[in-house]
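**Student:** Listed here are the chains, written in short residue letters.
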Amino acid sequence: MNSILRYTGAFVLLVVLQLLIFNNIEFSGYVNPYVYVMFILILPVSIPSWILLLLGFLTGFVIDIFTGTMGVHTFATVLAGFVRPWVLSLNVTAEVAEGDMSPSSSRSGLRWFFIYTVTVVLVHHLALFFVELFSLKHFFHTLLRVLLSTAVTTFFILLFDFIRPHR
Amino acid sequence: MRSLLNFLLRFKTLILFLVLEAVALVMISTSHNYHQTVFYGLSRNISGFVARRLERGTYYFRLRSVNEELVKENTLLRRRLEGLTAMPAEGFSGVHDTISGVNYTYLNARVISNSVNKQKNFITLDRGSKHGVHVGMGVASPSGVVGVVVGVSPNYSVVMSLLNTDFRLSASIARNDYFGSLAWDGINYRYAKLSEIPHHVTVSEGDTIVTSGYSAIFPAGLMAGTLTGDQNRGGDFISLEVMLSVDFKKLTDVYVIGNLTRDERETLEEEVVK
Numbered sequence: 001m002n003s004i005l006r007y008t009g010a011f012v013l014l015v016v017l018q019l020l021i022f023n024n025i026e027f028s029g030y031v032n033p034y035v036y037v038m039f040i041l042i043l044p045v046s047i048p049s050w051i052l053l054l055l056g057f058l059t060g061f062v063i064d065i066f067t068g069t070m071g072v073h074t075f076a077t078v079l080a081g082f083v084r085p086w087v088l089s090l091n092v093t094a095e096v097a098e099g100d101m102s103p104s105s106s107r108s109g110l111r112w113f114f115i116y117t118v119t120v121v122l123v124h125h126l127a128l129f130f131v132e133l134f135s136l137k138h139f140f141h142t143l144l145r146v147l148l149s150t151a152v153t154t155f156f157i158l159l160f161d162f163i164r165p166h167r
Numbered sequence: 001m002r003s004l005l006n007f008l009l010r011f012k013t014l015i016l017f018l019v020l021e022a023v024a025l026v027m028i029s030t031s032h033n034y035h036q037t038v039f040y041g042l043s044r045n046i047s048g049f050v051a052r053r054l055e056r057g058t059y060y061f062r063l064r065s066v067n068e069e070l071v072k073e074n075t076l077l078r079r080r081l082e083g084l085t086a087m088p089a090e091g092f093s094g095v096h097d098t099i100s101g102v103n104y105t106y107l108n109a110r111v112i113s114n115s116v117n118k119q120k121n122f123i124t125l126d127r128g129s130k131h132g133v134h135v136g137m138g139v140a141s142p143s144g145v146v147g148v149v150v151g152v153s154p155n156y157s158v159v160m161s162l163l164n165t166d167f168r169l170s171a172s173i174a175r176n177d178y179f180g181s182l183a184w185d186g187i188n189y190r191y192a193k194l195s196e197i198p199h200h201v202t203v204s205e206g207d208t209i210v211t212s213g214y215s216a217i218f219p220a221g222l223m224a225g226t227l228t229g230d231q232n233r234g235g236d237f238i239s240l241e242v243m244l245s246v247d248f249k250k251l252t253d254v255y256v257i258g259n260l261t262r263d264e265r266e267t268l269e270e271e272v273v274k
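As they're listed, the protein sequences go chains A and D.
By our numbering, the letter at position 45 of the first sequence is numbered 45, and the numbering carries on one by one without gaps.
By our numbering, the letter at position 53 of the second sequence is numbered 53, and the numbering carries on one by one without gaps.
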C-alpha cells in the first residue's frame, strides 16, 4: 500500500514537472526533453508486464490530454512499457533481478542504469517524434531531434535518480 | 506444459500491447477534430489557468522587447494615419461617415501558452467567448500573421499557429500581387514555404509577402514575411522560402481580428457557388 502511494506521488510529480517545466524547454526547436518517461523506468522490477502496459497507456494519455496531442504520447509510452522488460532482461545483474525494488543507479551502478535509461528513452523518443510527424519526410532532421532530446532527457532522469529518496 | 503456459502469458502481453497501440493510433487519426475533443475542453481550462499564472512571472522579463515592438508599430500606424488624413474626402455626399468601410475589429490578447517545437503547434490566448472571440477569427501580432482561432472556452481560446503543418494561408507577393499558399513545412520555426506561384513570375530576395485578403479571416496586406531567395522549381509552380516576420519564440501580445461583414460575405459566396 505504502509503495502504491509512493509511486502515485512519483507519477504526479513527474507529470507536473513535465507540463510546467519541461514542456517549456525548447532549445532552438530541436530539443524537447520528455522526462515523464522516468515513471515507466522506476516501476518495480517484478511488476507484471500487463500492468506496465496499462500504466504506460495511462501516463501517455494524461500527457496527451494536457498537451493536446491526442494519442502521440500514449503510443510512445505504451511502446516504452512494452520494451522495458526486454531491456531489463538484456543486461540483467544479480542485484537487479530480484524482488519488487525499483531500478536505480545506487543499487545497480550508474553504468547499468545509464544503458537501461538510454535504451528505453531512445525507443520512446523515436516513436514519439516519428509518430507525431507521421511520415519519413524529414528523416535525418527528425533523427537529429530524437538523438539530442534523448541525451537531454537521459541527463535529467539520471539527475532525478541521483536525488530521489532511496529505500 | 509450463513453457506453453509461459508462452501464452507472453502472448497475452503482446495482444494487450497491440490493442493499446491500436487505440492510440485511432486517437491520433481522429484528433483532427482538435477543438471538439471532450477532454481537451476541460484540460484547456485547467492548463490555461496554470499557464496564465506562469506567464505573469515570465512576462516581466520580456517587457523591453515588447515595448520596442509596440513603439515600432506605433510609428508605422502614425505614418499610415498621416496618409489617411491627407486624403481628400471621397464619395457623393459630404456626410462624414466614420463607420462605413470599417470591416475589421481588433481585440488585444496575451499569449499564455505557446510552442514551436511540434509539428502541430497551438497557442493559447487569455481571451475567450466572454470577450467576443469566435472560432475562425484571425490572430496577428504587431509584426505579422500568427494563426487562426480553432477553439474557444469562456476565458481562453486556442489558436492554430502558422507553425502548424495543417495551416494554410492565402498570401501574395506585395510587389506584384501574385498569390499562393503559405504553409509551414515543419522544419525550422523561422521559415515557411509559399507555393503555387506560377513560373513566369519574377521574384527577388527580400520581397514582402502579405495576406491576400481572399479569405475573410485576415484583411489584405497584413505582413507575413519576406522572401529569402531560396526557391524550388518543379512541376507547374515554384515554391519560395519565406522568412516569417513573426518570431514565434518571442510572441507575447497579439490581436484577435474580427471581421464585421464576414457572415454577409460568406453567405453571398456560398449562395453563388451553389
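Note that these hints are calculated values from the structure, not bench results.
Incorrect hints may have been included.
Stated by the list, open to error - With the Cβ distance kept under 10 Å, some of the chain A side facing chain D (calculated, not the full set):
hint : residue
1    : N32
2    : L54
3    : F57
4    : G60
5    : G71
6    : T77
7    : L88
8    : P103
9    : L136
10   : H138
11   : H141
Computed from a prediction, not measured in an experiment: that's the story for all the values here.
For glycine and all other residues, C-beta sits at the position ideal for the given N, C-alpha and C.
**Student:** Need the list of violated hint numbers for this structure, in ascending order.
**Tutor:** The structure breaks hints 7, 8 and 9; every other hint is satisfied.
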